[in-house]
Amino acid sequence: MTPGGMARLVAADLRRHWRHFAMAAVGIVLGVAALAFFLALGLQVRRVLLEQVFPADRLEVAPRSADLDLLAIRLPLGRDALEADDLGRLAEIEGVLAVRPRMRLTVPALAVGGAAVFGAGLQSEVVADGIDPELLSGELGGAFREVSESFVERPCSRDGECGPDAYCAVSAGICRPYLPAVVSPQVVELYNGALRRAYRLPKLNPDAIAGLSFELIIGASSFAPSSTDPLRERVRLVGVSEWAIPLGLSLPLGEVRRANRRLDSPAAGERFHSAILEIASKDALPGVVAAVEASGLEVSDRGAGRAALLTAVITAALALVGVVLVAVSSAHIMHVLWLVVLVRRRELGVLRAVGARRRDIRALLVLEAAVVGAVAGLLGVVAALAAGAAADAFAGARFPDLPFKPDSFFAFEPALLAAVVALAVGACALGALAPARRAAAGDPADALAGR
Amino acid sequence: MTGVRKRYPGSGVEVLRGIDLEVAAGEFASVVGRSGSGKTTLLNLIGGLDTSFEGELEVGGGSLRGLPDAELAAYRNRKVGLVFQDSQLLDHLSCADNVALAAHFDRGGRGDRARLRRRADEVLEAVGLGGAAGRRASTLSGGERQRVALARALFLEPELLLCDEPTGNLDAETGAAVVDLIAGLHAAGRLTVVAATHDDAIAAAGSRVLELRDGVLHEAAREGR
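Chains B and A, in that order, give the protein sequences. Numbering of the first sequence is given in the working numbering, commencing with residue 1 and proceeding in unit increments. Numbering of the second sequence is given in the working numbering, commencing with residue 1 and proceeding in unit increments.
Hints were generated in silico from the structure; no laboratory data involved. All figures in this text were calculated on a predicted structure; none of them were measured in a lab. There could be a bad hint or two in this list.
As the list claims (entries may be wrong) - Just so you have them, the derived chain A footprint on chain B, three or more residues with Cβ under 8 Å:
| no. | segment |
| --- | --- |
| 1 | 1 to 12 |
| 2 | 183 to 194 |
| 3 | 258 to 270 |
| 4 | 387 to 396 |
Unchecked claim - Not close to chain A: a few residues of chain B, all C-beta gaps over 12 Å, as computed:
| no. | residue |
| --- | --- |
| 5 | Gln-44 |
| 6 | Ala-62 |
| 7 | Arg-79 |
| 8 | Glu-94 |
| 9 | Gly-138 |
| 10 | Gly-141 |
| 11 | Glu-149 |
| 12 | Asp-159 |
| 13 | Pro-206 |
| 14 | Glu-242 |
| 15 | Asp-283 |
| 16 | Ala-353 |
| 17 | Val-354 |
| 18 | Ala-449 |
Claimed, not checked - Examples of chain A residues lying across from chain B (beta carbon under 7 Å, computed):
| no. | residue |
| --- | --- |
| 19 | Val-23 |
| 20 | Leu-64 |
| 21 | Leu-67 |
| 22 | Arg-76 |
| 23 | Gln-85 |
| 24 | Gln-88 |
| 25 | Ser-94 |
| 26 | Ala-102 |
| 27 | Phe-105 |
| 28 | Pro-158 |
| 29 | Leu-160 |
The beta carbon of each residue, even a glycine, is placed where N, CA and C say it ideally should be.
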């Protein structure tokens, strides 16, 4: 059959049987509208959850805990550190781009200083850990880096002689590098929200915290026996990061490793308390979480795990909606086409009498159904866009400004809209197959005689 | 046709009981017989509209038995023109579109749309309906419908024209005009015509008259006009 002839016959048939096809299209329009609406909603929920609430391109993994509670004491029975083998296994998981180990400082530390900001020198116990500087290279550039190994010490008598990134350790008479450090937003919030009020201290601007420096005495403590030879370093804050230890100070991994080896034991410099996995994409998250748990470790950030599970459930539920749509649309168009084929039996017989092959008849009917599917799909998309706009307007007027509230609750991606239209076309074409086969079966003489 | 037999599924009656028939190229053969005698069945077999039969059936030297669907469709499209008793026009199409219907399935291709339209006008003119190309088929009278059906059958210049009771639904005057038209077309070219009819005028127009009786074909007359 010639393409032009096919197009003319399809157009003429659709005009002639528009009532039948309109009847079939109503169900498809509603189905496609519902599917596009909920998929766009799910996509946006997923985006907000995984990009804003639980950033899911990184995942923190820790040894699985198995503690035993004895009254007020909790005995740790499970492993409390990751070994090099664990890191190797994590790196082999599909979807994992990089493994960034973290190491806790295993000796006490005291922070001393802050007179320039607080008006008087302060002293506080500090919990610290070391993180891979590469983890923060995206947000802090090169400010957070390993400094000790590459630094060349030289004699000095005052700070100005050592350059912008070093200070003069006056007691030793040599230049030493500032140790870069980051704190988490929670530290700043805790200080600004509670500590500063209790101690009548000034409020800190998180955006201007970089540059604040103080002395860190590693191996010293107000509560426990101090090392006989503590490390005295000067720390400079270089920024605030979600990946910093929640209530403490995060230093470059190599600096903490050196301190642990020197002040604790060589083994303490090889044991990591957790690792951060950089994930290839959000889609890989559920698989990575499952592989981590299967390897005997656990995802310490349960929010990300729950987000992954939630998005998987949402995706599965919406896929089910899609399957139902396909089934309903197929059944609907099949029913209508059965009627149309019955009505047009003689007409299709005439087409065969003048030279149509069986496949021409099948193609004609399937194409008609596909056109109905395309039109209905487009109408469904328009309906979904309108419903989404109405829902956004309602939410904008009625919902308070909640955290993470997006500008729109729907992500009507062009690819998504194209996919639902394609689904409608496919469903209708699928539904047309059986009636089309029935219409093309038998001899033209039977069709012309109405047999 | 050699020893052609036909029985409809579920029916105990054998409609055609060993038909032997040879129609020469350019001949005009009329098949007469009572209603239900098997005339339409005979034309359906020759036209490739019905493929379930026993015996041998050849048209233009080629057997129709066991022909694949695509080849049989091409045979109906290019070799045969069919005119049915009730015209079988598609009422939602114009006369021109009805007439050019076969061109949509002509795998050889007969030119662009403008050329098809010119050909449609030409054949409509030939059957006396010049200027009716744009009219919808549903607006035509019985005689006009049969003329359009005839134009449709002739559109791709078939070698064989099969007419099944072409005047069956027409009044005497209109029927006579259609008979004259078919006879004229036959006389003008090398068109082979097989017409099933009750109409004495058509029977008289043919060079042969065959009578189908009890499923068997009898030579009724050999001299026509």
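Against the structure, the hints come out as follows:
1. 1 to 12: holds (count 8)
2. 183 to 194: violated (count 0)
3. 258 to 270: Violated: only 0 residues of the segment 258 to 270 of chain B have a Cβ under 8 Å from chain A.
4. 387 to 396: violated (count 0)
5. Gln-44: holds (46 Å)
6. Ala-62: holds (68 Å)
7. Arg-79: holds (72 Å)
8. Glu-94: holds (49 Å)
9. Gly-138: The claim holds: B:Gly-138 sits with its nearest Cβ about 62 Å from chain A, beyond 12 Å.
10. Gly-141: holds (67 Å)
11. Glu-149: holds (80 Å)
12. Asp-159: Since the minimum Cβ distance to chain A is about 90 Å, B:Asp-159 lies beyond 12 Å and the statement holds.
13. Pro-206: Non-interface label stands for B:Pro-206: nearest chain A Cβ at 73 Å, farther than 12 Å.
14. Glu-242: holds (66 Å)
15. Asp-283: Per Cβ check, B:Asp-283 is outside 12 Å of chain A; nearest 46 Å; holds.
16. Ala-353: Per Cβ check, B:Ala-353 is inside 12 Å of chain A; nearest 5 Å; violated.
17. Val-354: violated (4 Å)
18. Ala-449: B:Ala-449 is in fact no farther than 12 Å from some Cβ atom of chain A, at 8 Å.
19. Val-23: A:Val-23 check fails; min Cβ-Cβ to chain B is 20 Å, beyond 7 Å.
20. Leu-64: Because about 12 Å separates A:Leu-64 from the closest Cβ in chain B, which is outside the 7 Å limit, the hint is violated.
21. Leu-67: Result: violated, 12 Å to nearest chain B Cβ.
22. Arg-76: holds (5 Å)
23. Gln-85: Given a least distance of 10 Å, the restraint on A:Gln-85 is violated.
24. Gln-88: Cβ of A:Gln-88 sits 5 Å from chain B, so the hint holds.
25. Ser-94: Violated. Min distance 9 Å.
26. Ala-102: The hint holds - A:Ala-102 has a Cβ within 7 Å of chain B, the shortest such distance being about 4 Å.
27. Phe-105: OK, holds: A:Phe-105 within 7 Å of chain B, min 3 Å.
28. Pro-158: Nearest chain B Cβ about 10 Å off; hint violated.
29. Leu-160: Given a least distance of 13 Å, the restraint on A:Leu-160 is violated.
Checked against the numbered hints listed earlier, the structure breaks hints 2, 3, 4, 16, 17, 18, 19, 20, 21, 23, 25, 28 and 29; every other hint is satisfied.
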